[in-house]
Structures are given as C-alpha cells and as structure tokens.
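Protein chains in written order, with this note's numbering: chain A, 8 to 459; chain B, 105 to 567.
In short, the hints are calculated from the structure, not lab data. Glycine included, C-beta positions come from ideal geometry on N, C-alpha and C. Please note that the accuracy of each hint is not assured.
Sample of chain A residues at the chain B side, in silico, Cβ under 7 Å [unchecked claim]: (1) Ala55; (2) Gln103; (3) Gly106; (4) Arg123; (5) His125; (6) Asp127; (7) Asp158; (8) Asn170; (9) Ser273; (10) Lys276; (11) Arg278; (12) Gln279; (13) Met312; (14) Ala389; (15) Ser397; (16) Gln398.
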Amino acid sequence: MKRILVAAGLLAFAVAGASAEPATAPNTPSSFTLDNGMQVVVVPDHRAPVVTHMVWYKVGAADEAPGKSGIAHLFEHVMFKQTKNIGPEEFTSIVQRSGGQLNAFTSWDYTAYFERVHKDQLGKMMELEAERMVNLIINDDPKGPFIAERDVVKEERRQRIENSPGALLQEMVLNEFWKGHPYEITVIGLMDEVAALSPQDGLDFYKEYYSPENAILVVAGDVTEEDVRVLAEEHYGPIEPTGQAHSARKWQPVAPLAETKLITHSDPKVRQPVWSRYYLGTSFKRDPETALALEVGLEVLGGGMTSRLYQSLVEQQKLAINIATFAWTTLHDEGPAVIYGTPVSGVSLEDLDAAVMAEIEKILADGFTEAEVVRARNKLAATAIYQQDSQSSMANHYGANLALGFTLEEIAAYPDEVRQVTPEQALAAVRAVFGADKNYITSHLLPAEGDL
Amino acid sequence: MLKLRLFSGAAAALLITACVGTPAPQASLDAAPATPALAVDVYDGDFVDIQQFTTPGGVSVWLVTEPSIPIVSVQMAWRGGSVADPDGLEGLGQAVVYGMNEGAGDLDSLAFQTAMEELNMSFGCSNGTEWTSCSATMLSENAPASMALVASALTAPRYDEGPFQRFLREQEVGLKTRETSAGYLAWRAQSQALYPDHPFAREVTPESLAALTPELARSHMRALMRKDGLLVTAVGNITPEDLAPLIDTAVAALPETSEIPAVAPVTLPDMAAADPVIVPLPQPQSLVRFIGPAMDRANPDYFPAYVLNYTFGGGGFESRLVKTLRVDKGLTYGVSSSIDPNPSFTVWSGGGQTKNESAGDFITGIRDEMQKFIDGGVTEAELSDAKAYLIGSYPLGFDSNAKIASNIMSVRQDDLGVDYFDRRNALIEAVTLEDVNRAAATYLAPGRYSFFVVGEPQGLTAE
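Bound conformation, chain B alone (with noise of 0.2 Å):
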C-alpha cells in the first residue's frame, strides 16, 4: 500500500520515489540504476524520433524525448469506453473517471487536489465512448512525486461518497440543460432515426444515474483499466530509464486483464430519408447536420476520399461548401466535413448553422454540392491544391509536446505503426483523380446522407 505524505518541491520527490521503491534520482547518474538496462528501440522519424520499449513491469511505451521545455507528458489508454457500461447502468464509466483525480489512498479530495497544486501538475482521465484514458502533465523536476500521486489514483482510488454524490449533482445538471442543447439534440435525433438499438445510441438517463453507487464505480474502474491492452505514450523532458520504473509503479496494482464486450460495428444504411428530421428548439439560426456511411482505414477508398473530402468540406475556404454556402450565397458563418474511419462507426458527415429562414436553401446547397461531385468531379487543380495542403500542413501537427502526445496515442490506437508519420504523405500523393473521382460517385450521393436540423427552420418538409 502506497503511502503518501506530501510536501513540496524536491524533498517530496525524494521521499516518494523511496517509498516506492525506485532509485532515487541521484543514483541514476553517479551509479547503476538498480534496474536492469532497457531495451529501446529507437524508431527514428522525419516528423519525430520514438523511443519504443517495453518496462520491467511489461508495460509497453512509446516516448519522445523533448528536453527543451522542462515538462513531461504521459497518457494512458484503454480499449472500453462508455460503450462498455453495463445495460441500465449508463454512465458508469463517466463515474469511474471522475472519481480518478477526487481522493486516494490516505488523501480525501481536497488533499489529492492540493497535492495536484503543489506540484503544479494535472492528472484527469477521460471515458470516451469506445476508448478510457488518463493523462498526466507535469513539470519534469517533479516528475517521480506526480508520477507517485497518478500512481495512488491507479492504485487506490477511493470513490469517496462526497465527490461521488457532487459527481451525481453535476450529471443532473447535465440531464437538464442537454435538453436545449442544439449539438446533443442533432446527435440523439440521428442515434434514433440511424441506429436506435446499437449500444452507441444508448444515454445517461435520470434512472440510470440513480443506479449508480460508489462500489459500482469502484469494480468498473478494474474493468476500464487494466494491463492487458494498456498503451502508454509519454512526451517532455525524461529518458526511457528514468520514465519505465515510474510507469510501472503506476500501474503496478492493476488487474492483469478484465471482461470487455466487444461492439459490433454501426451499418448505416446506402439510402437515407429524403426529407430532413427537425428537431424544435427556439433560437434564430438552426443547427442542420448531415451524416451518411464511409469507409475504414483498410478500404483502398480511405486516402481518395480524405482527400476528396478537404475539397467537399474540409478544407476551410478552400473547400467548395465554403465557397459556395459562405462566400457566394452568406449563408452562414461556417460549415464543414470530415470522415471518420473508425472501424466501429463509419461515417461522412458534416454541417453548420444558417437563420431560419435559409435552412432549406442551406440543405439544398449541401445537397447541390454533392451532385456536382457526382456529375462533373474535381479538377486537376482541385486535387493538386488538396494534395499540397494535406502534405505541405502535416509538420504543423508536431511543433508541440501535446499535439505529439496526441499523435502517437492516436496511431497506437488505430494500430497504424510507428512508421505512419513517414507513410503518410507518400499515401496521399498516390491518390490520383481517377480515385478521387471513384470515392465521390460512391460515397457523396445525396442519397446516402441523413440530415437533421434543430431550430425553428423555415422551407423544409420534415420527415
């Protein structure tokens, strides 16, 4: 059992890293680490250098070494989201994570939110809807003590009753005010009329909420987090050896594995509801939304429709819903596209806000600009801009320690190896406008897409 007394500054850090058993810092400089030496792999990048290694403790890492700015940023992901709260008990996995930073150990919450403090570090963990994670950011000449507080929360997360009842107060607001909300109204409008029976649909519910105790959340956080299919990614400024005994001792009292129902995958079908679904709420401008199947990242239609879609709606002015619905018509301050491959969910979709009265001249729009694709496709011109945007933009997405941080979780997720920095743009620059052209007569058929408005619209026929 972790003990923790905190003080500050490094005499904390000293202490902590005793206790639990790793070398204190010194050590690592004048003598042997007491650990044996790690085998890293250093997988060396145009975009960025990964260390890759696997901890005494078995835990497997990928680390950036930054050592310019004196911090340290480490994440933790796990495969189970809220996809995986049990029937009746949604909003289980919310409870779990918010209780991560509110008490451990010997602290209550208000001690585990000061000790936060006085190490100037963050620790929260998050509970999306297929994946939970955690990530800590810390100042590196604090990182043994705040890697110690993570390591009490991973350890014993004490679910206080307090913090779980203000946990419960909090989602109750929450119930209230998603019931005006144009995002969350557009989302459930299109969970019920797409895919009502799949887990993906389901909500936090007043009666779910109320099933929900401190000792549920407890079991549920050994389900969420465990070692089997934990991945780990840290950036800042740390080496791999001083990093490993850090990590393991975070995670050293999780459960070796855990019972994860796996999700089958949302089939949306090829031809939607002609007529929009309208949610009503009372506001000038409606929120209209569109969505229709796409492909995942192993369909050879992937990279064409990427960047297919920077010309369709991604590319901010570039792209031709902009020029069309905001530059020639005013119609709106912004809208916008993107695919999403995940191979559980799909989709193509997109949308934007416009007054009232334009909503059906906003959804014709849309619908004009996807038969346009259709009927005359995109121009050599078109596709070379895209070509040169996606590729010549992609080192802005590197420039800092969270933008990497979020980058390497991302591949490691999606399974896409440590090399895809450096596979990336040469995959983009293969597409060609034959393929470009393919992915538009298959996927951006007006018939494919479901739209759904929420406002007070006027000229639509609703569903």
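So here's chain A without its partners, still in its complex pose (with noise of 0.2 Å):
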C-alpha cells in the first residue's frame, strides 16, 4: 500500500507510520512545562523497550565570564563526582548498575547530560538527575570533586587540541574569527586559565545556572507523554526554582571580519598541507532563510563528490585530492562558512587557492541548475527521515534547537522549508557569503620548516 501512496520522498515521513500501524498514533513529539519552568519534551519511539533521558541546561562556553575560560566544560565533569546523597563517583555507579550507559557534553551554547537505560529505569535516572540539579557537592579538598577533575580536563585538552596540528590551527582561527564574541574562546577553555579554575568558581556556575526553569528534559524512547508526565512531576516538580534564572544570554551578533588574514601553522606531525578559507557565515537561529539556502548552495558547491568544486578540483584539473565547503548554521549566533581542501603533491596552497577560488567566481557567475539544487535539498530533507533511526540522535536534535530557543514546529518543518528553497536564494546565499567584498582568513596547514 505505501508504494500507491507514495508519490515523492516528501510525503514517506508521514505515510509510512499510518500505512503501516495504522492503529498507533505517529511518533510526533510533544512538549509541556512543569510548574518550576522545567520544558519538557517527549519524543516517541516504540521499538525498543528503551530510552534516552536527557537534562539540558541554557548555558555553555558562551556564559563564562572573562578570565574563567573551560568552567562549563569542566563543571560538567564535576557533575559526575559527588552529592549531598550521592557519595563519591557512585552516581556512574548506579547508573551502569541499572543497565544504563550514561555521558555529557558541553557546547558554546549548552550543556547535556544523558542516560540511556530500560524504560523501568527511567523513574531512577529522573532522581538522579534531579539530585545533582540541586545538591551538587563541591570542597576545597585537593583529592575532592573539583581541584581534581582539573587534570583530567587537562589531560582532555592534550588529546583533542594539543595533541593534534590541525585542531590546533582551527583553535587559532577561531578565535581570530570570533574576536570579541563570546564563543571566541574554545570550548574546553584554555590550558592557564583551566588550571586557575577555584571550587569557588565551580560554586557560582552552579548557584547562577543550574535550575529547573534553566532547564530542558528531554525524553525519546518507548514511552508516553503521559508516562513521563507523571514521572517528571514526582522527581523533577518538587524543586523550588531560584528565582534568579540566569540574566540575558550573552548571545550578540557576529561582527563581520575587520580584516582578511593569513595563519598558518607548520609541525613536523604534518606530512600533507591543507588549505581553508573561513567567511562569516550565517546560523538558523539569527536568518533562517539564509541558513537554509546557504545549506543547500554549499551542497551544490561543495557537497560530495558529485558537488561542481569536487567535479573541478578533483576530478578534471587533479589539483586537489579533496575540496568541500560547509557552513556551521546550527549554532545560536553567526559561524563561518568553509572551504577547504588537500592539494595533490607539487601543488602548493597557494595554487589551489587561486584555482579554487577561480572555479567558484565562475561557479556563482553561471549560476546552479535547477537539478543540482533539487538533489541538494531531497538530499538534506531526507537526513530527517534516516535521522529517525537514532533514538539519541532525535533526542539531541530536539533538546539542541529547543535550548537554543526554537520550538517544536520550527525543529519539524525543516524538511518542508528545505525543499522549498529556489536555485535562486540558494546561488545568492552562497554569491552573499563569498562575496569579493568579504574579508575572510585563509589557514595554512604546513609540515615544519625543511620537512618537505
């Protein structure tokens, strides 16, 4: 029967359910608030007798105030340690006892903790997580909850940036891209600043920050919206909200660059160069059309291997052995718009650069065909439909628009808004961010001086 109804891809999202258990209602999600200000967010999927509890909480990197650099990130460890009536390290404990597999993440814009456990679970994740909203525990104690998990954060910082050229490079642009803004800083904090971090710095994150109206639950799996409407009463309703909910986020525009620049980074881990050019893009959040229309002019320009750059590039002028473009659209405010690419041996960056940019003056001067464009926008639209098979993969999506302030409708129409995006708006999204008039930063990735 689907196949009759079936006539585009588009309509597979919502006839698929109603064809095929045409007695269960479709899994929409739905959302409600507590009377502390706690969202709460249901998202239904009944394969499996399995969820995913999620608490958002409205802060991140982007909160911290000067000189604090990382205290998100690590308060989020922190979270782990200890509470009034959980003795040290035992919350993972009980969690991995129950089955559960549980972890977080802290972003510029928010912070997440998850557990994923059996749906009888899911009662005792609440009344963990609702534990450690309010009776948190940080001492002074150099083996305590806080001064220790700084080496590990330390330790953390190695592995993912100092360990690695290329992360390294990236942090140099981005903060040369951010200047000034609040996400100027990575978010892991920077190496003196972490180490500086007091218990007592710890405590004034919690107090200002962690509260149920600065919070956003987030439930997919085999459950109700009543199920969790019942549990979510018993253990997250009781908490009385401060009353002092975090003042304005310290979201703000993204200023265009001042200035175009060069960085390059040489170490002798690099064995091959690469080349990037970051432009001030757009975000979902601050232009919605453009975002969209930039997400599917990039995929056209940049987007795989049927993309015009890589067609280019790669396969008739053999100058590069990769070439992409993407945007970061889906933070709060303005990320940049990337190129970026791997020259084959003899080429030098410069090269690629002025072939690059060459094809993509001429890219923008023909303008994209109306097939490229409809195959960009099929293709991000039905990301949606796969997306569905991830059960914390739909939770994080959910809980990372909604912290960012979006709603339900806005998060579930971008399939529909995706597909009406014109092979005009998207060539003028892309011709607007890439414009000869705009500053960018070129990044240079190269071996140590001699090595090559």
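Mind assembling these two chains? They're in different frames, but the hints should get you there.
Rendered as structure tokens:
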C-alpha cells in the first residue's frame, strides 16, 4: 500500500507510520512545562523497550566570565562526582548497575547530560538528575570533586587539541574569527585558565545556571507523554525554581571580519598540507531563510563527490585530493562558512587557493541548475528520515534546538522548508557569503620548515 | 546485461524492476507473485524477531522487518579481506571496494553517484582484515530502484581509469600521513614486534600501490565477492517476499565460488618483553597500548574473561583502570581495555593517552592493576555490578535498525546461532567468582603483556 501512496520522498515521513501501523499514534514529539519552569519534551519511539533521558541546561562556554574559560565544561565533569545523597563516584555506578549508559557534553550554547536505559529505569534516572540539579557537592579538597578533575580536563585538552596540529590551527583561526564574541575561546578553555579555576568558581557557576527554569528535559523512546508527565512531576516537580534564573544570554551578532588574514601553523607531525578559507556565514537562529539557502547552495558547490568543486578541482583539474564546503549554521550566533581542500603533491597551497577561487567565481557567475538544487535539497531533507533510526540522535536534535529557543513546530518544519529553497535563493546565499567584498581568514596547515 | 535508465521517484522504480524481471510492486498486492512462495523460518526472540529464508536464487538471508520508519538497509559479507591481497599487491582489496560505487554498467562515476543521490540512498563496500562487506541503505519506497543500482555495481563495476588513479592519489596521501599517526605507529610497532611474518603484519607500500591495476581490481573483486558463503542480512520496512527477488537480482552475476586462502592464527607469546617499545613522535602526550594473548569463544574462559574485562578496563568509570588512573591519579582522560575473541587473533588489549611526563607512571599503574587482580581477585560486589550492567544494558544494542543490522551480521559472521541473543545473558549470569578469578590468574599476569608507547615519553627504559 505504501508504494501506491508515495508520490515523492516528502510524503514518506507521514505515510509510512500511518500505513504500516494504523492503530498506533504517529511518533510526533510533544511538549509541556512543569510549574517550576522546566520544559519537558517527549519523542516517542516504540521499537525497543529503551529510553534516552536527557537534561539540557541553557548555559555553555559562551556564558563564561572573562578569564574563566573552560568553567562550563569542567563543571560538566564535576557534575558526575558527588552530591549530598550520592557518594563520591557513585553516580556513574548507580546508572551502570541499572544497565544504563551515560555521558554529557558541553558546547558554546548549552550543556547536556544523558542516560540511556531500559524504560523501567526511567524514574530512577530522573531521581539522579534531579538530585544533582540541587545537591551537588564542591569543596576545596585537593583530592575532591573539583580540584582533581582539573588534571583530567588538562589531559582531555592535550588529547583533543594539543596532540593534533589541525585542531591547534583551527583553534587559532576560530579565536580570530570570533574575536570579541563569546565564542572566541574554544569550549574546553585555555590551559592556564582551566588550571586556575577554583572550587568557588564552580559553586558560583552552579548557583547561577543550574535550576529547573533553566533546564529542558528530553525523553526519547518507548514512553508516552503521560508516562513522562507522571514521573517528571514526581522527580523534577518538587524542585524550587531559584527565582534568579540567569539573566539574558551573552549571545550577540557576530561582527564581519575587520580584515583579511592568513594564519599558518607548521608542525613536524604534518605530512600533508591543508588549505582552508573561513568566511562569515550565518545561523538558523539568526537568519533561518539564509541558513537554509546557504546549506543547499554549499551542498551544490562543495557537498560531496557530485559537487561542482569536487568535479572541477579533483576530477578534471586533478589539483586536489579533496575539496569541500560547509557552514556552521547550528550555533545560536553566526558561524563560519568554510572552503577547504588538500592539494595533490606538487601543488602549493597558493596555487590551490587561486584555482579554487577562480572556479567559485565562475560557478557563481553561471548559476546553479534546477536539477542539482533539487538533488541537494532532497538529500538534506532525507537526513530527517534517516535520523529517525537513532533514538539518541533524535533526542539530541530536539534538545539542542530547543535549547537555542526553537519551537517543536519550527524543528519539524525543516524538511518541508528545505524543499522550498529555489536555485536563485541558494545562489544568492552563497554569493553573499563568498562575495568579493568580504574579508576572510585563510589557514595553511604546513609541515615543519625543511620537512618537505 | 543490466540497462539502467534512471529518472527519479516511483517511475524509475517501476521501469527498473520491469527491466530486471522482478514483479512490479503493484502485482504483489493484488495478484499472485511471480516467484514461488518463500519458506520463511521465523525466530521469535526476546530482543528481535529474525526471519530466515533462502531466496529462489539460493542466497541465505536474515531479515528483521521494522515497519515504523520508511527505510531499509541491506548488508552483505564475505570471508576474505585485506589478508587475501596477493603478496606484493597489498591494497588490492581496498582498490576493489573503492571502485564499487565509482561506476557500473552504463553509468560512469559521476552518473553512479548522481543516481544514488537522486534515490537518497547510500551504497559502499569495505575491506577489513578478514572480511569484505557491502552495505546499502535506502528509502523503502525506492528499494527496487536502489537495489537495481546495487545489482549493477555487483554485476558490472567499471573500474575506470579516472577513479582508479584517484584511489591511488588518495592512498599516497595516506602513506604520508600515517607516518605521524600515533594509532598507526603503535599498530606497526606491535605487528613488527609480535608477528612480523604473519599476513596480518602486511601493509600497503608505495611499491604495492605501483603494482595495482584496474584489471587486477576487476578480477580480485570476483575472488572476494562470490555466492558461496555470502552472508546477507537486512533490516527495515520490507517483507521477505519483496526483498528476496531484489537480493537475487543483485547477486545474480557473482561467481559461484573462488579461491580465498585460509589464514593461520596469530600466536602471541605467553611472555612479553619487560620493557615497552617506544616510537618517537613529537607531541605533548604519549599514546600507550598494551596487548597480550587471550582466548576464542569456544574456550570456557571466554565469558569469565569477558565479565572480568568490565571490572578491569571495559566498564568505563566502573573499571579499575579508570578509577585508578583517571579518578585517583588524574593521569588520563580515558583508559580502557577489550577482548577480541576472533579465532585468528585472540587478544586482550587496551591503552590510553597521558602527558609525556607521566608515561612511566601510567604504564606502572596499568601493570599494578593487573597484578592486583592476580593477588586479590575480584570482589563479589564487582562481579555482581559487572553482570548487572552487561545484562541490563543489552537491550540498548537493539534500539535502532543500524544496531540490529550490525548485531545480526556479527552473529552470522561468528556463527553463533540465531538464538544467540537470547542465550547470551544466561551465559553471563552463570559466571562465578571462581571463574572470574581463574581467568584473571591465567590471563592478566602483567608479564604476558607487551607495551607500546608513541610520543616523547619520559621515565621509561625502551626495549
């Protein structure tokens, strides 16, 4: 039956649920708010008796005070250590003994904690998250929950950034790109500042940002809205709002780059030079129409093997091993739109730069075809169908977007909206971002002097 | 010979199914299917219901039908991976799989990739050490057209000169960049120290790349991908009756059989060198890896060791390695261990990263933890916590089509039986403290483990 009904990919989303299991309600997410201000979102998925339980706090590295970089992320680590009613390191033990998996992550815009468990354990997970929302212990003990964790985060920074020449270069570029903006410093923070964070910094941060009116509960999985409502009211409902939910976020529009710059990083570990260019892009939150059009346009320009740049630079001119474009559109504030490529041996980064930019100029002068734009937007829209296969991915998708201030309706509208983007809009968005009058940062990742 | 004329949407689906001779979709609804009724053996499990059947063309398929999302994924696997590369032609298996979505039949690389995009599908193959696999993921409404594209790839892959030369250029970059990849350097040091003459130690070289040709790839593809021993699994919004003809068409042109040499198992020594092997790499952190001999699944020690590994280094914050080296000493962001029971290479291995200054302390810490298991064993509480997690978390591995597809293929590859998922928890429950402590005494003796360090470690004497 599904085959007869389906006229285009767009319909597959709505049709399949209805035709395959007409008796069950479609898996439409729903939302309500507890009296203390905590928003609750339920994303049903009844395939397995499993739930993903997440608490999102509307605080991230962008909210850090000057000189306190890394506090949002270090604090996230400390949340696992000890509370009034849960002994040192017991939080993780209890979750794992319950057959659960758990972790947390921090971005510039939000901080999220999650447990994945059998649905029978959902109430216990809420009890645990509610406990650490109000009863976290932070003290001055050098072996205690705050100070000892600083060393772990310093190792994390070495592993993620300092061991990787590419990550070091990106850190330098983004620092320049967001100069003067709250995204200026990388989420994990600067080594010296992390080392100097004090238990008092942790307590202050906790008091200011961790409260129910500043949190969003997302439960995805084999539950109904009613199941979640009963449990959430029992476990999170009694938490008193602090009444001082933190003042406005520090989000602000990102200023255009003041000048064009080249940033290079040479490292003996680099064996293959890499070229990148960073322009000021946009974000779905700041400018949804442009963000949609830019995503479609960059897909056509440099989204994969069929893209214009790949076909020209890799396949025909054979100057590059790879070439691609993408934009960071899912932060609250504007992020970079990036072109990057790896030259074949014997081609310098300067030559690659010239060839890529000449090609982009030509493409943007000629315009996009209807067929390639249709393909690009269908590809982006289909990700919404494939994403349904992963319960965690759905929970993340809803949590992250709600934390930025989108509504459920806005989130669900993406596949429809992306299909509305016209070739003219896609082209205009790319032209605006990569315009000849725009400043940009070029980055060169290079071997150490004399290595090649 | 398959002719592909791809347009878009449902019209293409009808055209292609008609071309390749499978029943048109509507026919299966209102009229008798053209193929004889399939005998489907349904295994009704606690975690997943598996439909087993043999297609009219003779292919054995395991299918999990999941109607709630309009997608289908199909996996194929053949024993024989990079280890089956002929001597001097290392990288040939990689060339084979690289070419599988780079053009087939009338479609060149760009046309093939464009066709996949128009169908919103993905298809690609991979060449592991011992297995070659292909995987296709598609929207269920496009399944006939998507599988027709897979069929063309398995029937008439082109191995055109353009993509083949691109493969070589990419490989050359890989040869350069691996020289400063800590993971690769640790692997190479391990292979050279422990099994230098075994095929598992072979690697791609500039010389082996230079010897590869499209013609060699074309013929090696037919050695790797054959009907004999082909394992197929599928998960998604499709029935056995609709899937069977699509699979038959896809594999119709594969050879019945081929010669893939068997691989002798690697035997690791019971006593390792006392000092670590150090590979210099200029970076602030050292990567530390340890490896020692373990056991395969047929060994009665396997489940005790599997449970023990949770307490040793597999259980995250519940493991002693993390509790000691991360929580107590702050030496690392992460340290872990795992057992690979693969009969050709049964190993217990693990590691983590630590600043160069503490590399010596890190290795001493790992060895001390091993020794503590020998001296004092595991506590009743640790054993019960391990079982509670390993059993309690098992359903989490069945909450997506992708995970189910991966799990049922693993069960087929390891020949564990269709009822394995339902037997597994009882096998863990049956493990006793005595079993675990016996496994610890046998396998965790620090002297069995070789250590490899990549970085600029301090406080170590090198092998």
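Answer holds if the nearest beta-carbon of chain B is closer than 7 Å to that of asparagine 170/A; otherwise answer violated.
Hint holds; asparagine 170/A Cβ to chain B Cβ min 5 Å, cut 7 Å.
At a threshold of 7 Å, is the proposed contact between methionine 312/A and chain B supported by beta-carbon distances?
This interface hint holds because 5 Å falls under the 7 Å limit.
Arginine 278/A was flagged as interface toward chain B. Is the shortest Cβ-Cβ separation under 7 Å?
Holds, about 4 Å.
Taking the least C-beta to C-beta distance, is serine 273/A closer than 7 Å to chain B?
violated, 12 Å
With a cut-off of 7 Å, does the beta carbon of serine 397/A approach a beta carbon of chain B closely enough for the hint to hold?
Holds - the Cβ of serine 397/A comes within 7 Å of chain B, reaching about 5 Å at its closest.
Taking the closest Cβ pair, is glycine 106/A under 7 Å from chain B?
holds, 2 Å
Restraint check, 7 Å cut-off on beta carbons, for aspartate 158/A near chain B:
holds, 3 Å
Given histidine 125/A was flagged as interface, is its beta-carbon under 7 Å from a beta-carbon of chain B?
holds, 6 Å
For the hint on lysine 276/A, does the least C-beta distance to chain B fall short of 7 Å?
holds, 4 Å
Identify whether the interface hint at glutamine 103/A stands, where standing means a beta carbon of chain B within less than 7 Å of its own.
This interface hint holds because 5 Å falls under the 7 Å limit.
For the restraint on arginine 123/A, tell me whether the closest CB of chain B is nearer than 7 Å.
OK, holds: arginine 123/A within 7 Å of chain B, min 5 Å.
Do the numbers back the hint for glutamine 279/A, that is, is its least Cβ distance to chain B under 7 Å?
holds, 5 Å
In this structure, the earlier hints numbered 6, 9 are contradicted, and the remaining ones agree with it.
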